[in-house]
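Engineer: Listed below are the residues making up each chain.
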Amino acid sequence: MASIVAVIASTHHPFYYRASTATGEDRPPFADEWTRKILAFRETLTRARPDVLVMVGSDHFHQLWLDNMPQFLVGKAPFYDANWYNEEREFGLPRMLLKGQEDLSGHILRAGLDAGFDLAFSNELRIDHSITCPIITLRPEADLPIVPIYTNIFAPPLPQPKRFVQLGQSIREIVESWPSHLRVAVIGTGHLSLELGGPRQFGPHGPDPEFDQRAVGWIANGDLDECLREVTLDSLHSPGNATHGFMDFMLMMGVAGAGAKADYVDTLDLFHTMEAYFTWYPDGAPTA
Amino acid sequence: MSKYLLNKFLFMVDRDPELVERYRTEPRELVAWWEAECANAVLNCHTGEASTWLRFDDVEREALATHDHVKLFELGAHPFLTLTLFIALFERDNTEPLQYQKSYGARLAHFSMPYPDIAT
Numbered sequence: 001m002a003s004i005v006a007v008i009a010s011t012h013h014p015f016y017y018r019a020s021t022a023t024g025e026d027r028p029p030f031a032d033e034w035t036r037k038i039l040a041f042r043e044t045l046t047r048a049r050p051d052v053l054v055m056v057g058s059d060h061f062h063q064l065w066l067d068n069m070p071q072f073l074v075g076k077a078p079f080y081d082a083n084w085y086n087e088e089r090e091f092g093l094p095r096m097l098l099k100g101q102e103d104l105s106g107h108i109l110r111a112g113l114d115a116g117f118d119l120a121f122s123n124e125l126r127i128d129h130s131i132t133c134p135i136i137t138l139r140p141e142a143d144l145p146i147v148p149i150y151t152n153i154f155a156p157p158l159p160q161p162k163r164f165v166q167l168g169q170s171i172r173e174i175v176e177s178w179p180s181h182l183r184v185a186v187i188g189t190g191h192l193s194l195e196l197g198g199p200r201q202f203g204p205h206g207p208d209p210e211f212d213q214r215a216v217g218w219i220a221n222g223d224l225d226e227c228l229r230e231v232t233l234d235s236l237h238s239p240g241n242a243t244h245g246f247m248d249f250m251l252m253m254g255v256a257g258a259g260a261k262a263d264y265v266d267t268l269d270l271f272h273t274m275e276a277y278f279t280w281y282p283d284g285a286p287t288a
Numbered sequence: 001m002s003k004y005l006l007n008k009f010l011f012m013v014d015r016d017p018e019l020v021e022r023y024r025t026e027p028r029e030l031v032a033w034w035e036a037e038c039a040n041a042v043l044n045c046h047t048g049e050a051s052t053w054l055r056f057d058d059v060e061r062e063a064l065a066t067h068d069h070v071k072l073f074e075l076g077a078h079p080f081l082t083l084t085l086f087i088a089l090f091e092r093d094n095t096e097p098l099q100y101q102k103s104y105g106a107r108l109a110h111f112s113m114p115y116p117d118i119a120t
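Residue numbers (this note's numbering), protein chains in the order written: chain A, 1 to 288; chain B, 1 to 120.
Just chain B, with the same shape it has in the complex (with noise of 0.2 Å):
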């Protein structure tokens, strides 16, 4: 498990307008090229240069490939991370305001204090 990777991935892909619309339309197709393709980049350093040991396990995948925000909020992914990148893939959807943002929360009603660990 790696929560690191968990916010990795949110980061990276909430950064990238193409890679937002790909996750929102393909979300499986979508996971499996970026743990391929992008898990091993080292960030801030020079192309080319890539670690060789990080994935994800079968949960943290498959939470990832289905939208599931709420396994991820158990997983201990950073909140603001998961929040941001799924206002971008649904608040679009909504038909009045804060709508997508309420329901969100409200899928999380089941947890109370302390929340899962964020800390990486």
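Isolated chain A, as found in the complex (with noise of 0.2 Å):
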């Protein structure tokens, strides 16, 4: 059976690329910290030596839209072809191809059926920015198989927080029931407190840095308990009108189990959002 050798969870700031390359004038001042930062938390990656990537991530009104609106989807094409216009235009993020892993996203899609989530699925499904953020913080070669997971965060009506938790469960159990030798990773990228398109966007820092708190001892701790308890649709409002996306991080809590502290956490403070990042090794820490 295929073993899950790391669950890493992050945001995905779509400024790190071209942040980070940056040079001269350009270069933002909080550049180097963010690339040190990044640099570490990519070697949590490499030293689990995945084979394959499972990714979850939100699609941003790219590919799905509101005429036909999945609530999870599980992509199963042989590739990818991977970020858009509007999101060259505006971060500047390369154009990119991934591979997939076909069987891989065929046993997702039918033991998650088995499991009770009517999960939709794309064989023709071009990613964006939620899924390639990760892929060039952590694994800049692109070289990894994937199988995407676009879960709807942000176009109401939304599944409810727990429902997000028992997807990650079902995901650790799914992937871990894959009859292979591969060795897999499980990422996904979702937010603290955020606010897009509303009055408090773009701030000095994320728009509630006392939910960013909480919410990250939660995640360390493996608190799902607590989360669940203090986290509603209703709830996720008020620390930002894009906060629903930390139910992806709920998604990935559930991945890594209940109670399971994470054993490599970081944040950074940055301009309207704090990014934060978590990797768990569910076999233990890999040696060195």
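Some hints could be false.
Said to hold, decoys possible - Only pairs whose alpha carbons sit at most 25 Å apart, straight line, appear in this in silico DMTMM-like list of lysine to aspartate or glutamate: (1) B:Lys102 - A:Asp67; (2) B:Lys3 - A:Asp234; (3) B:Lys102 - A:Asp26.
Just so you know, these hints were derived from the structure itself, not from any lab.
Build the complex: two chains, separate frames, hints provided.
Structural biologist: Here it is, written out as structure tokens:
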């Protein structure tokens, strides 16, 4: 059976690529510290020596639209084109081509349906920065096949937070039941407090640092019970109008397991949001 | 009123570089053209299929025609879509980093939680 060698959760700040590659007067003052943190975070994946990446993210109205919106969707394609004109325009993101792992996609779809999740699928999925940003930060070689899993975190009505946790728990079981010798890392990206298109956007910090502090504590300590007590679809509006992306962090807590303390935790307080980086090693931290 | 149609306008224009430029320079004309030619196109469907009933009300049409992002927010247009397109239209006029994004937020300062419902 396949083994999950790392579970990784992070934000997917689309400005990292531009900030980290900028030089001279164009390089922002926080770029060096951000890059140092990303290099340390990247090492947590490299040390796990994965063969396949299961990537959890959210389409930002690029491919998925309100005429036919899935709540949870699994990509099943041999290749995925990545990034879009408006991401190139706004964030300077490069066009990318990522290889798919169709056998694992098929297994997740079959076992997920059997586990009670009515998963949508796509044989023609073009992915966006929620999945390409962790590739850029964690695996810039982009050399590993992926299985993209998209969640709906911003086109109401949304699934309840507990559903994200349950899906994460099932993804863990399903991947571990995959008849393969391959080493799998599950990587998901979400948000802490975040405001986009509202009055609290682009401040010097995230819109709700107090929420961010509690959220980082929940994730770092695997405190799913407290998190589920505190977080509802209604309450997630308060820290910022885009904070529902936190449910993708909750999904990753489900993958890691209740009570599982993260082996690696780091944060970076940036303009308009807090970056957060977590890694769990289900079978123990790999030796260097 | 159709929050869905507002969102569809923002979504379709944002994805097309030519439409972004037309919306920046001739917003009223672009909105009229789009409503006549594109509003009822059924996306993800074979070419030639169309619905017959989607249209803006006067307030929605005027908000789009005047680049009034505050009114769009009030009407419940999806804030991510509005922001993304408006950054494409106006960030280029910045004289300092994030100048447009910050002023965009400041013009919404009179809104408090809960914000207008964005469900379609």
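Engineer: It remains to establish, for every hint, whether it holds in the given structure.
Structural biologist: Status of each hint after checking the structure:
Taking the CA atoms of Lys102 of chain B and Asp67 of chain A, the gap is about 32 Å. The hint is violated against a cut of 25 Å. Distance restraint check for Lys3 of chain B and Asp234 of chain A: the Cα-Cα separation of roughly 20 Å lies within the 25 Å cut-off, and the hinted pair is therefore satisfied. In summary, the hint linking Lys102 of chain B to Asp26 of chain A is supported, as the alpha carbons are separated by about 20 Å, within the 25 Å threshold.
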